[in-house]
Amino acid sequence: MSDAATSRSSALSPATRQRVTDLAIDAVLLIFSLAMLLPLFLLVANAFKSPQELLQWPPTILPRAGTLDNFRSVIGDTPLLQWVLNSFLFAILSTIAIVATSAISGYVFGKFRNRLINALFAIILATAIVPFEVYMIPLYFNVQKLGLLNSIWGLLIGYLVMSFGIFLIRQYVIATIPDELIEAARIDGAGEFWIFWKVIVPLLRGPLGALAVLAFFQAWTAFAWPLIIATTKESYTIEVGLALFQTGFTVDLGRLSAAAALVLVPSVTLFAVLRRNFVQGVASTGFRE
Amino acid sequence: MLQRRKFLFAILALAPTLAIYAWVRVYPIGDVLRLSLYQWNLLSRNKPFIGLENFRALLDDQLFLDAITNTSIIAFGILAITIPLGMGLAMLIHARAASRLSGFYETAIFLPHVASLVPAAMAWKWIFDARLGPLNALLGWFGVQPKAWLFDPVLAVVCIIVLGAWQALGYAVLIFLVGIKNLPTAPYEAAKIDGASPWQSFRYISIPLLKPITLYVSVVTLVAGFNVYAQAFVLASDSQGAPGRLVRVLVLDMMENSFRNYRFGYAAAEAVVLLLVVLSLTAIQFGLLRERGGRA
Numbered sequence: 097m098s099d100a101a102t103s104r105s106s107a108l109s110p111a112t113r114q115r116v117t118d119l120a121i122d123a124v125l126l127i128f129s130l131a132m133l134l135p136l137f138l139l140v141a142n143a144f145k146s147p148q149e150l151l152q153w154p155p156t157i158l159p160r161a162g163t164l165d166n167f168r169s170v171i172g173d174t175p176l177l178q179w180v181l182n183s184f185l186f187a188i189l190s191t192i193a194i195v196a197t198s199a200i201s202g203y204v205f206g207k208f209r210n211r212l213i214n215a216l217f218a219i220i221l222a223t224a225i226v227p228f229e230v231y232m233i234p235l236y237f238n239v240q241k242l243g244l245l246n247s248i249w250g251l252l253i254g255y256l257v258m259s260f261g262i263f264l265i266r267q268y269v270i271a272t273i274p275d276e277l278i279e280a281a282r283i284d285g286a287g288e289f290w291i292f293w294k295v296i297v298p299l300l301r302g303p304l305g306a307l308a309v310l311a312f313f314q315a316w317t318a319f320a321w322p323l324i325i326a327t328t329k330e331s332y333t334i335e336v337g338l339a340l341f342q343t344g345f346t347v348d349l350g351r352l353s354a355a356a357a358l359v360l361v362p363s364v365t366l367f368a369v370l371r372r373n374f375v376q377g378v379a380s381t382g383f384r385e
Numbered sequence: 095m096l097q098r099r100k101f102l103f104a105i106l107a108l109a110p111t112l113a114i115y116a117w118v119r120v121y122p123i124g125d126v127l128r129l130s131l132y133q134w135n136l137l138s139r140n141k142p143f144i145g146l147e148n149f150r151a152l153l154d155d156q157l158f159l160d161a162i163t164n165t166s167i168i169a170f171g172i173l174a175i176t177i178p179l180g181m182g183l184a185m186l187i188h189a190r191a192a193s194r195l196s197g198f199y200e201t202a203i204f205l206p207h208v209a210s211l212v213p214a215a216m217a218w219k220w221i222f223d224a225r226l227g228p229l230n231a232l233l234g235w236f237g238v239q240p241k242a243w244l245f246d247p248v249l250a251v252v253c254i255i256v257l258g259a260w261q262a263l264g265y266a267v268l269i270f271l272v273g274i275k276n277l278p279t280a281p282y283e284a285a286k287i288d289g290a291s292p293w294q295s296f297r298y299i300s301i302p303l304l305k306p307i308t309l310y311v312s313v314v315t316l317v318a319g320f321n322v323y324a325q326a327f328v329l330a331s332d333s334q335g336a337p338g339r340l341v342r343v344l345v346l347d348m349m350e351n352s353f354r355n356y357r358f359g360y361a362a363a364e365a366v367v368l369l370l371v372v373l374s375l376t377a378i379q380f381g382l383l384r385e386r387g388g389r390a
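The listed protein sequences correspond, in order, to chains A and B. Using my numbering, the first residue of the first sequence is number 97, and each one after it goes up by one. Using my numbering, the first residue of the second sequence is number 95, and each one after it goes up by one.
Quick caveat, the hints were computed from the structure, so don't treat them as lab data. Owing to the predicted nature of the structure, the values given are computational and were not obtained by experimental measurement. Treat the hints with caution; some may be incorrect.
Straight-line distance between alpha carbons at most 27 Å, and here's what the computed BS3-like set of lysine-lysine pairs gives [as the list claims (entries may be wrong)]:
1) B/Lys141 to A/Lys241
2) A/Lys294 to B/Lys100
3) A/Lys207 to B/Lys305
4) B/Lys286 to B/Lys305
5) A/Lys207 to A/Lys294
6) B/Lys275 to B/Lys286
7) A/Lys329 to A/Lys241
8) B/Lys275 to B/Lys241
Okay, chain B solo, but in the shape it has when bound:
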């Protein structure tokens, strides 16, 4: 009797949330998988089923290939800066946890992560500006020739990586700090008795113990990196102001194919590619975690 009453409450209480989920998550995810198999253009009357044809066409699409190359370089570039720097800074902040300034360090490093993306990107756009920006002025003091940072395809990618790492760093430091606070103290005491230097205990105790945290932060950073969009939209506008012409990224290519060219089936196939990337990164994370558990 009570069991049935409880179950009824549970279902009634969940019903609104489940209905919303079905409509704004489950159905659209299913629909994107379905759309990717159709030639679904806004204007055409028939929208025939074409199997994997959209995916085959993607492989011949130079714009898409550029986009996925740029996106991967950006995502792994951000990762390569964020993980070592984030771990190092978290270690230093942890070492100074007693300091009155530790709250300031945490806030200052974390602020870029919550600052609105577009204004932040605009700040960097000025810093990188070829004619008026402070970066070229600074480099000028060291005798470096001014560079057109945002108008060179290679340098523009570097700029997006710097902006992305600046934003991602605060999150990495925060999660590493939580991980470092939860580390056991016994191994460090033992190492100290054995005469290990601080660097040695960092290298041979902290880094291995932090592996699950490092994996987690890496996957979150990479997934966010693969979704890079606003950064490229603001930073890499061309001289006429058209956004993202110079550095094409995956989400941008997808948005153009759907909302400019109205090729929704084709854009859905790109979305599925993005999904596959994210799923494989997550699978790799879980695989590496399990491997570690097996050895322990």
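Next comes chain A alone, as it looks inside the complex:
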């Protein structure tokens, strides 16, 4: 597209040609961006359609007579809000655990290096390669032994630590926190825990924020693990609840879409608000060698 635009404008001045190329690129990107958003948009639109309108052929894009019935009935007839609450508690607890373990061990791995500690870090990094699905079965037995099936605590056990989080904080500590700062605090007589809590943690606010967003979304969108841990209707997370709901009610598209929209819209909004944090967190994985 941009090539055609360039050749057509070859008689024009370089500045004009540049403008035409830019416009062509903008057009391509704009169409593509809207296409990427289209499925999510259609889903939300379906949530407002009446059952009659959903059965029309060809399908409508925008709801012709918007209705809130789907939302009302899905909230009234299913434990949707309970599922959202379960997911939310699970995600918050997982975020707290991951941020806490990553902050302290990232700091120690970054600043207290000897052969033993480096070896421990290597082990943690090595386990990061192994996908969760590989060791899910023995982990399930761990949860079962503790009697924590069908509970938020059982869900949490799978999402207590994140290797990438420890790695991220360690890299940040090495790159930005000078040894002299820690030494100066020690000479002033500060204890090691005090230094970590009062000096280091405030400096880690940026990367810990990025990590928190990553951890929250990771737990919020988890699927395979909650599917095996939470098997009673009351303990489902929203992802599991929705997936089983949709296999049970294959026809009732309106209520399904309403339920899906109720999940999607808050998380997408949250993402838009926290975009910078999130992008920073994900992008820094790109530096992993």
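Given chain A, work out where chain B should sit, using these hints.
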């Protein structure tokens, strides 16, 4: 004295994390390797050691072979769409970095990556729906006969690839953008002086310089592709609503063998196969990176 105090702090501070790791990562990984060598069924009293028998049985198991074939096709299909498209889009976004819309492009392309999987898959399920879906309506305008996208074994795999690529693309674009921003400018200036076209500098400068990034994104995308599960669970439910009957994928087969058939040793062997796939992909990545370093 100080050294000892520091070391004591380090170990005390690490202790909780290490204990958690030992219990939720190291032990289960070791256990899955052990289980894969046993005939470990929930109901049987003896759980004998059978060596590699589980793995031999996998080779004769048509369901497993279907699953691994489907999973590989899906993973490489997603890769084939995501890498060229991701690199191209990242180049275009980078070219328009000054534009007021660049934030919108990035967000719009990245959103599917963070959108919850199940609602997103449900959106696509409607799009692909044979009777009511907009895809068939759109194709109808061009005179194409409506197709039962999700009920044909081949087309259903295509649908899962499209959904997977839609989700993976945002991550690829993001990482490529980081890589492109960090490219040196000197080679491009030299090429411009020598009269190279934009396409030539893309082909002969950008693509080679981006090779490490491309390798990294490829491995991440492939590993994620081999773990495909929820997509198949939601999209490929059969007419009675039973999930994943039509397109069997590896994780689904593993989940059925463990939590439906209670053959945990057998399922553990499948998990080990998945681990071997991931390890070899990572090893290939490192090998290709080293090869490049050697030549440079």
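Going down the list of hints, with the structure as the test:
no.	hint	verdict
1	B/Lys141 to A/Lys241	19 Å, holds
2	A/Lys294 to B/Lys100	17 Å, holds
3	A/Lys207 to B/Lys305	32 Å, violated
4	B/Lys286 to B/Lys305	22 Å, holds
5	A/Lys207 to A/Lys294	16 Å, holds
6	B/Lys275 to B/Lys286	19 Å, holds
7	A/Lys329 to A/Lys241	21 Å, holds
8	B/Lys275 to B/Lys241	43 Å, violated
Figure legend: structure checked against the earlier numbered hints; hints not met, in rising order: 3, 8.
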